[in-house]
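**Student:** If you want the building blocks of each chain, they are given just below.
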Amino acid sequence: DAGITQSPRYKITETGRQVTLMCHQTWSHSYMFWYRQDLGHGLRLIYYSAAADITDKGEVPDGYVVSRSKTENFPLTLESATRSQTSVYFCASSGFSRDSSTNEQFFGPGTRLTVL
Amino acid sequence: KQEVTQIPAALSVPEGENLVLNCSFTDSAIYNLQWFRQDPGKGLTSLLLIQSSQREQTSGRLNASLDKSSGRSTLYIAASQPGDSATYLCALRSNDMRFGAGTRLTVKP
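From first to last, the protein sequence lines stand for chains A and B. For reference, each letter of the first sequence is one residue, going 1 to 116 in this note's numbering. For reference, each letter of the second sequence is one residue, going 117 to 225 in this note's numbering.
Just so you know, the hints here were simulated from the structure itself, not pulled from any lab data. Keep in mind that a hint or two might mislead.
Here are the computed lysine to aspartate or glutamate pairs in the EDC-like style, where the Cα-Cα straight-line distance is at most 16 angstroms [stated by the list, open to error]:
#, chain 1, residue 1, chain 2, residue 2
1, B, Lys184, B, Asp143
2, B, Lys184, B, Glu172
3, B, Lys117, B, Asp212
4, A, Lys70, A, Asp53
5, A, Lys57, B, Asp155
6, B, Lys184, B, Glu133
7, B, Lys158, B, Glu119
8, B, Lys158, A, Asp38
9, B, Lys117, A, Glu59
Residues from chain A shown here face chain B by an in silico Cβ test under 10 angstroms; the list is partial [to be verified]:
#, residue
10, Trp27
11, Gly42
12, Asp56
13, Glu59
14, Lys70
15, Phe96
16, Phe106
17, Phe107
Glycine residues also receive a C-beta, built at the ideal position from the N, C-alpha and C atoms.
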């Protein structure tokens, strides 16, 4: 299926465990993003990637690790989950040029993560 | 640091009314501004993208404007319908992405 997918859609884990959230897009978009959405904070950027093997920190990167070995995949890992990382996580992708509609960002359906 | 503010936080209107949602930002050095809608428990759906060099974009009953000099964008919804009820978010792209907190819109039949 074309588009952007996330897995799992729901995850419950315990404090201290490692968790990996997956994101896959079929558009060959150069840019991919990870956000978290929390009541009272809205959407905040965790990490983003401009291309394979290029990643940069966003607003709230602490406690997260990303990698991008292939253009279409952008996994997000919580190395030692904490309760404060309970959130809804969204992945997004876009192309990019300074003046083009390819900049439009498309979002996945989200992963609801609960850390007990 | 880019600050993005959306006013009002919530809005309730009767069906058929025209309405305007506001988005203000502090740093005009942006690549683009994008408007999204989010239904409860769902992901974000892109509505309109305005490039930095553009002043407005239109899609159906939606019209978005961008004024970088004043740090403002507006989303105009014409002839509102109950199906328009959702949270509307603006997002600014520069070296990263910053979202506003959103406006929760309710359109009453």
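**Student:** All the hints need checking, so say for each whether the structure fits it.
**Tutor:** Hints, one by one, checked against the model:
Straight-line distance between C-alpha atoms of lysine 184(B) and aspartate 143(B) comes to about 8 angstroms, which keeps the hinted pair within the 16 angstroms bound. Straight-line distance between C-alpha atoms of lysine 184(B) and glutamate 172(B) comes to about 11 angstroms, which keeps the hinted pair within the 16 angstroms bound. A threshold of 16 angstroms between alpha carbons decides the hint, and for lysine 117(B) with aspartate 212(B) the separation of about 10 angstroms falls inside it, so the pair holds. Distance restraint check for lysine 70(A) and aspartate 53(A): the Cα-Cα separation of roughly 8 angstroms lies within the 16 angstroms cut-off, and the hinted pair is therefore satisfied.
At most 16 angstroms may separate the alpha-carbon atoms for a hinted pair to count; lysine 57(A) and aspartate 155(B) exceed this at roughly 28 angstroms. Proximity of lysine 184(B) to glutamate 133(B) is assessed by CA-CA distance (about 28 angstroms); at most 16 angstroms being required, the pair is judged violated. Distance check on the hinted pair: lysine 158(B) and glutamate 119(B) sit about 25 angstroms apart at the alpha-carbon level, beyond 16 angstroms; violated. Distance check on the hinted pair: lysine 158(B) and aspartate 38(A) sit about 13 angstroms apart at the alpha-carbon level, within 16 angstroms; holds.
Taken as a hint, the lysine 117(B) and glutamate 59(A) pair is honoured in the structure, with Cα atoms around 10 angstroms apart against an allowance of 16 angstroms. Against a cut-off of 10 angstroms between C-beta atoms, the interface hint on tryptophan 27(A) is violated, since the closest Cβ of chain B lies about 13 angstroms away. Interface restraint check for glycine 42(A): the shortest CB-CB distance to chain B comes to about 4 angstroms, inside 10 angstroms, so the restraint holds. Below 10 angstroms, beta-carbon pairs count as interface contacts, and aspartate 56(A) has one with chain B at about 8 angstroms; its hint therefore holds.
Because the beta carbon of glutamate 59(A) sits about 7 angstroms from the nearest beta carbon in chain B, less than 10 angstroms, this interface hint is met. The interface hint given for lysine 70(A) is violated, since its Cβ lies 22 angstroms from the closest Cβ of chain B, which is over the 10 angstroms cut-off. Nearest Cβ of chain B to the Cβ of phenylalanine 96(A): about 8 angstroms, under the 10 angstroms cut. The hint holds. Because the beta carbon of phenylalanine 106(A) sits about 6 angstroms from the nearest beta carbon in chain B, less than 10 angstroms, this interface hint is met.
Interface hint at phenylalanine 107(A): satisfied, since its Cβ lies 4 angstroms from the closest Cβ of chain B, which is below the 10 angstroms cut-off.
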